[in-house]
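Bring the two chains, given one by one in their own frames, into a single complex with the hints.
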Amino acid sequence: MNILYLLIPLGLVLLAIAVWAFFWAVRTRQFDDLDSPAMQILLDDDRAPRKRRG
Amino acid sequence: MAADTRCFHCGSEVARDSHWQVRYEGGLQPCCCGGCQGAAELILGQGLGRYYEFRSGDARAPEQETADWSVFDRESSLRRYTLLEPDATRTVSLQLEGLHCAACGWLIENSLRQIPGVRVLTVQVSAERAELRFDPQRVSLSMLLRRLSDLGYRGRPLSFTGRDDEGATERRRALLRLAVAGFGMMQVMTFAASLYAGALEGMNAGLARLMQLVSMIVATPVVLFSAQPFFAAAWRSLRAGTLGMDVPVAASIGAAYLWSVWVTLIGHGTVYFDSAVMFTFFLLCGRYVEMSLRHRSGFQQHALARLLPESVLRMRDGRSERVTPDELAAGDEICILPGERVAADGTVDLGESEIDESLLTGESAPRRRVPGDTLTAGTLNMSHPLTVRVLRVGPDSTLAAVSRLLVQAQASRPRFADQADRVAAWFVGAVLLLAAGVAAYWLQQDAARAFPTVLAVLVVTCPCALSLATPAVLAAATSRLASAGLLVTRGRALERLAGADRIVLDKTGTLTRGRVRIERVHLLDPRCDAQRCLAIGAALERFSTHPIASAFASLDPAPGATGLEAEAGRGVGASIDGVRYRIGRYDYAAALCTSKLPRARDLPDTLQGMIVLSDTQGPMACFELSDPLREDVPDAVLALRARGLEPLIASGDRAGVVTHVAQRLGVVGARAALDAPAKLSWVRELQHAGHGVVMVGDGINDAPVMAGADVSIAIGSGTDLAKVSADLVLMGERLTPIVQAIDTARSARRIIRQNLLWAALYNATAVPLAAAGVLQPWMASIGMSLSSLLVVLNATRLLRRSGGRQSSHPPRARRIAEAATA
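Residue numbers (this note's numbering), protein chains in the order written: chain A, 5 to 58; chain B, 379 to 1200.
Chain B on its own, in the form it takes in the complex (with noise of 0.2 Å):
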């Protein structure tokens, strides 16, 4: 079997001596381990086979420890998760993980709809939702759960309060308002087309007053209904005593209705209601493509709530019982197990354990918990059983304080917007000044001509230009990342990436595929024997989060490891059966035996990775490692340096290993045997040098790195909430995105330069002649309207040059045309 052989389910390498395999179209594939080998038959056994012909990516492997779903089937979670049908069926909502194609949802509905007793209502792979209803006579939720965990997803049951999707509503709510500006656009512009060449080549009295009535029927509508978020702005912008931009927007829309209304009344005079319809429309646009990009980068508030387990022991009267953490309230009595999350916020009462907090503190060392200290939800006990008095749930919690202020980071837009925005205030001043002043001159000049002229100056200075400039093409820039694979979690990212000119690139897990194998085993103490030794390591290495880690997943470990210590990027430790272990960097390793001095020139010389085992004797053993470069690196490299970023390394491996990988890829600056805080005062240093630096890591091991840096970019196989902390995530296992994102960053800081640009010299030269009455209202409408269709126009060059992006695909587009015709 070739070295590089993927799994068939999950695409991960596959070691040589892997027994795992399924049949697929008359031939054997392989698979990586048991789990993805279960997957992949579950799925064509059912004849679901084609998923693998239509994914547009290679699945999860399944969790291989599945988790305790039965808690689901109690009668109490039943009425709290799902709703009683008049049939006697129950309806449930799942929030689904670990979708990644259209495919996914394909395979979901129909999987789950062989099981008798079940109806897929819906599958949503963009809200990552599923409707089920199912009838609990026949079939069990935790079945359905851990069918979805087989297949390599994750379903969580949604309780009634956390199940109505805001953003859903916000964004159908938007597509009505939108459409019924639109549709009220086009009926009124024709009438006014009509009446504007009705007025200069004489028409039928009676009929322009039909079409000035008509007019009016359909524009009330778009102003009460479509335009109503500008006027609730407009009312709280005020009422908090600034100046907003809805301001000078509802002073127009509203005048130039409230005019024409009057003047259709009385039945002489001209109308405006075109230029009240039109100027809601296109700002209506404006705003719907700024909210869908913050909606598409608001899937993260739900990774915090995946770090709750799904059940808890709670102890009640002398008795324990399995619930939901949603069942808990403050002052109940927990007890978390080893391996287990905390449920909820609370103090120790009893025993002491080691607590992982790496995920919300970036602390990767796991920290003392003894009775009085207080737990976060969502942290990992990694020792010792504990017994907890429950402090806060719910919205009081930790975890939901967290979750709330992501949600103010994403809130939070680019330097560039909120740049506009004051200046925008500024500018809404002086344009209600302008107006106010030019309404004077024209009462005493000539009064017929002062409303006209006052609503063309309000229009035609509408800053909406100068704010749509900035997020109409980060909409852009985001969603064409997205298509390449990198998602950006925050704007702010884009623009410092523009900027940046080092690139720090961790190398285990980055550089390389991450996906360690142990190739050797070498015996530094005869009285060692091989398979202990993996023993050993295995148990130790079970409690690390390194990449290394993964090389012994697939051992059976040695059991009863106990008093467990971590060292962020040098290795773990622990005691087996009285006896004290270090597994991890030769330095840290031997640093634990005292009596015989460790001997650097035992160890093998070798160019791959490795770690060492030691015991208070001495070292035991070595074990040479290895792990391949990602395929498209060198090309990679190239490019990055091609843009003027120059790619360094930082690892925490030997320097041997480092500097030959460093000298393959060409790279000058690579540095080895770093820890994360010395990783940490390298990109400090570099940034002292005045230097933009990008950190690229797997976003778990050098979380306070990432945060130290300019922009952060994660692989996205980590875990959810590490994906939390960059800037950017990779989706798949290429760095190429990141060439892509450098480039389209640059593209939008140009767009947006010129974008900014063109809404200055537009107002600078359209307001002096509105202010002359040269322009009417309806012209000023149109010209505002052009001005906003050319900023949104010029974001969207940003899309256009990622046309391209299809034919890198080939295969699958072919597929999809074979099936098509078929």
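If we strip away everything but chain A, and leave its shape as in the complex, we get (with noise of 0.2 Å):
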């Protein structure tokens, strides 16, 4: 059992990485419009290629 002295410290880290890539997430209002990025895949006009512009 001694290895839980190992894993649980190790899901601990996990949790963190978790928690931090939530908050970027929500910082970088990626929750903001939840409609909107469904449709736009099927949107997106792929008749014309696009020139990229920067």
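I should point out that these hints are in silico values taken from the structure, not numbers from a laboratory.
Virtual Cβ for every residue (Gly too), placed ideally from N, Cα, C.
Be aware that a few hints might be false.
Claimed, not checked - Using C-beta positions, here's what the derived DEER-type ranges look like:
id, chain 1, residue 1, chain 2, residue 2, range
1, A, A22, B, L1168, 24 to 32 Å
2, A, R31, B, D451, 31 to 39 Å
3, B, G404, A, W24, 52 to 60 Å
4, A, N6, B, T469, 55 to 63 Å
5, B, E1024, A, R31, 53 to 61 Å
6, B, Q515, A, R31, 32 to 40 Å
7, A, A22, B, R497, 30 to 38 Å
8, B, A1142, A, A22, 39 to 47 Å
9, B, P763, A, F35, 46 to 54 Å
10, A, R33, B, L1171, 26 to 34 Å
Listed below in structure tokens is the structure:
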């Protein structure tokens, strides 16, 4: 069972990463609009290749 | 061309002689007006025709007269509304109007992107916001706004003060709190399960201590960050001298956490981190659901700001200049031209004019304003230019006050929720007393068991199932109705809707499409010609908000109409070239001529609606109007009756027309020739007889009636503020969502009662067990959570039944599926 002394702190690290990732997602407004992105992949006009503009 | 041809762009009916059309996928599609044709050509010309495949509703017809956007190109406006970026481009945030589906966001984004020098940063459909970056050297802000207006949308630049979206910030923060509590709960529960198992089976003491330590590390941010709102609220309510629901919540979270930290540090005893964390998470879930509901109905606050004009003429040092209303200060002198909205509260200095205040007061007759009178921002100047001295601007203005009232109204919760809150306050007091009693008893009996027992009592009695019972159901009901095309603007309305048994329907614009056409012109006087009569009619009807006025919208009005008068539901009058004219109901129009008695038998015998134009010498012409019924009206009437709601028709139209419609629909109670006060007194009469009355109307001409009814439902084609004055707003063209609303309101009422009953039963059984020391705190936590979960799941039954909704749009679903596989 000694492996638990390693695994439990490791779990804590994973938890910290998960929380950090979620904070990043919320802060970068990934959750602000849940409706339009779903439509956008269907709508993006792929008939005329768009020139990439910087 | 078939009679019911629909406009390709906006879906409204196309006049038979319309010559507007666009070429789409090889065929010619009809349009109702030049504005729609222009918008459709613009969209198709940019290669964005896929918009028409994917949109989920008809577009709004673009406004014919474009506003003066150039005021936004001045240096001072650019400084106010845009942010200068390091590379000399500028960023602007726009509040958008007219969006109705995700395809609109796509259209705006792609259409603006094609203008050189513009970069679209984001378009958010749900928040109705867009953020753009543009190069002022290559493109002007007014050009962008005009492009939006050509597409049929309206963009209003947000100044920096109004830019911060409080709702979004609150939502993001709540999500973060919820996530921290959720992640924390998963971890702590794992350890808690191991610890409980370990306590039974025997566990390595070092390992147990490690688990306690890790639990503490995980629980700390949950209690300090996620549970912070509960502590803050409890502190606020204690300082205010009341016992809010948050007091026992904060007490149990705080006590469980501090006790567990103490146990962890001294190294022996049981920890209750799991109870504290689980409790926090489930409570936050409930709060999140409630907040989402609140934000969804918050859209109307913006509606009021939209009443202000884009620009206003400011007089300063004898010169006049166009400025935005934001730039006005108290004491400024402004000029309000006819047809313009008043930009700020003020007093009239010079001039006399008719002011239409209907959008603020519901009074549809314009008021005469003379020097010395006060004007309210957002009202409409109808006839003459006025010079106005600005009194109040910004947060002091009437509009801001009304907006604050609206926020309050939205915050008003249904009576059930209020009752639950009042009950909860007593409940909390009782719980705290009980906890103190239990503590005293157990300290004498068995001091070691005192703390866990008190904690179990505090947790198990948490009234959160009680307080979640109503908001969760309302959130589910609101969201279900929103997907059916019905916006609930006041939660209270659903409760009253469930108990209603009479539904009063307006005819024009409600039962009918409100797209009135002139079928025929009957001349009543040989001295007149039809063209002139139509022109005069158009000039007069320009000042009317009645749906009938739309029949004249496409005609060229005779110039120079002055001296406007209007009577709600009866007609309008004005002078042209010194001659007085009236148009409207026969008795109203004919009352103008004093010399010759009006003869009703002069009128053609028709079942269609009609209005009469008259001058001082007698009736001149009669316009025969047609206004077809909405397609689903017969079905809706049958369905309403099947649900015990007796449909009634209240119309301002002539008896013949109304009886005809009533007979076709099988409606027994129909009253004709009612003006707004008469409709209102009928509604009152019904209410006195003990009926719950639902009023369905366009929300403008019958605003006072709507306010008097128990529940008001507006057809969404009305103006923005009309939406605000109704409890529910129909977004589409069909009436059947009303039937759905009634079903949903009734299920909601049933589920709320079930929930309250459950919460009461649960507390009645769990409290004695907890006080007796049978329940451990973790059991109490699980019991409380399960109880809340049950309440929320019961509420979501409302949502699940709407699963069949998707199948009602097979064409759209199929198109999306095709696009996905393509």
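Verification of the hints:
For A:A22 and B:L1168, the hinted distance range of 24 to 32 Å is satisfied, since their beta carbons lie about 29 Å from each other. The hinted range of 31 to 39 Å is satisfied by A:R31 and B:D451, whose Cβ atoms lie roughly 34 Å apart. Here the CB-CB span from B:G404 to A:W24 is close to 54 Å, well matched to the stated 52 to 60 Å. Checking the proposed 55 to 63 Å range against A:N6 and B:T469 shows it holds: the Cβ atoms sit about 57 Å from each other.
Between B:E1024 and A:R31 the C-beta distance comes to about 55 Å, which sits within the given range of 53 to 61 Å. Hint check: B:Q515 to A:R31, Cβ distance near 33 Å, so the stated range 32 to 40 Å holds. The hinted range of 30 to 38 Å is satisfied by A:A22 and B:R497, whose Cβ atoms lie roughly 34 Å apart. In this structure, B:A1142 and A:A22 meet the distance hint of 39 to 47 Å, their C-beta atoms being roughly 40 Å apart.
A beta carbon spacing of about 50 Å between B:P763 and A:F35 agrees with the range 46 to 54 Å that was offered as a hint. A hinted range of 26 to 34 Å for the beta carbons of A:R33 and B:L1171 is consistent with their spacing of about 30 Å.
Hint compliance for this structure: every hint is met.
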